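Listed in order, the protein sequences are those of chains A and B. The working numbering puts the first sequence at residues 1 to 315. The working numbering puts the second sequence at residues 1 to 57.
It should be emphasised that the hints constitute simulated quantities derived from the structure, not laboratory data. This list has only true hints and no planted wrong ones.
Chain B regions said to be covered by chain A (calculated; three or more residues, Cβ under 8 Å):
no.	stretch
1	7-14
2	18-30
Here are a few chain A residues that sit away from chain B, every Cβ distance over 12 Å (derived from the structure):
no.	residue
3	W105
4	T173
5	L279
These figures come from a predicted structure and were not determined experimentally. Idealized CB from N, CA, C, for every residue including glycine.
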Amino acid sequence: MSKKAFRPDVDAPEYKGGYSPYDIIKEGTIAIVIIGLLTLLLAVFFGSPDEKAITVKAWSNAAPVDFAQTAVEELNGTSGTAGYGAPYNHNATGQQLGPLTLGKWVGVHIPINTVRDFIIAPLESQPSLPGLQSALAQWKGASTSVKNGWVANYTKASNNMSFSNGQLVVNATNSGPVPVLISDLTSMARSGALDQALITGSGYYTTDYTKPLLFLADSDYFPTLAAKQHLTGSQWGMMNETGQYPGQAWLWLYTFWYQVPPFNTSPNADVLIWGMMMLLTAGLLLVPFIPGIRAIPRKTKVYRLIWREHYATHE
Amino acid sequence: MNWLGSIINLDGYGHYLHWHFILVSVANLIVVGLMVITFVAALFLPFPGKGRRKENR
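Just chain A, with the same shape it has in the complex (with noise of 0.2 Å):
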């Protein structure tokens, strides 16, 4: 029978030579204990990022208009989260994988219909405020073709809004109870109440904030805020963190795709650039399977490198 040809980086030879002893315990050990060192020291002379949360309070006030903006865009269908699709509504397909759904397929398990859960319920939530009731008793008793003129007249003149001495100015006609309903939720997310509002829901206590995220998210205010400190996706923002801290410098790959085309144009970019990473990790994964690319510790030899007390002596 004749002897089966040696194949490289298959099979391994039997090893013959000599054994040292080591202790991996004791290795162990030492590196904790430096890396638990270096942690300290590291959180003692840089601490870590303290930045304030952004609350839709403290948005309404640095930016009455912006907010109102997007109230009125939220009431008009517009906004970014009234179009988004699962799983917060119906409202487009969601990302796509060439024929397949993928966004669909999730299904819409957040619902979130923006005209009800981010201006009609929090104003309902309110005490009786002089006209809000009335305001609400109207919206809720006109047709569906009636609130869409009253809506589309109001975004209309929402255009030229301004905020003077503590009140929006629009110059809106025909608009039956949009002015109050608007003019009403910037004074609630002034005082705050619009904040606890938007959390409240899930329970007496609750860590449940994807509504007022998605509200702040819908504004032009949120996106300036973290444009300015390189966290946006066209910014490499991923891999970035807040004031002058090291990001997550791993995710360099991940966030690298979303910078070249085509992803950087593609509404699919993010289920695209997930299946990309996808397949690059089993092509990781499944290196000792794949020839050519199994051979590169072999022929660039650092592991001669690495043990080469041992390659001095041995062949």
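With chain A's structure known, arrange chain B on it following the hints.
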């Protein structure tokens, strides 16, 4: 509670290097540089306890 704060304050706006579509923070570059130095040092520095191991052979 200021005495609890860090010795070096890094809360200001970060410094970034921009080259074509590449945008990288100086802080991230420093960390990547330190990782490369650690890797090269691990390759070239002799193993600790080298002498002891020889005696044991």
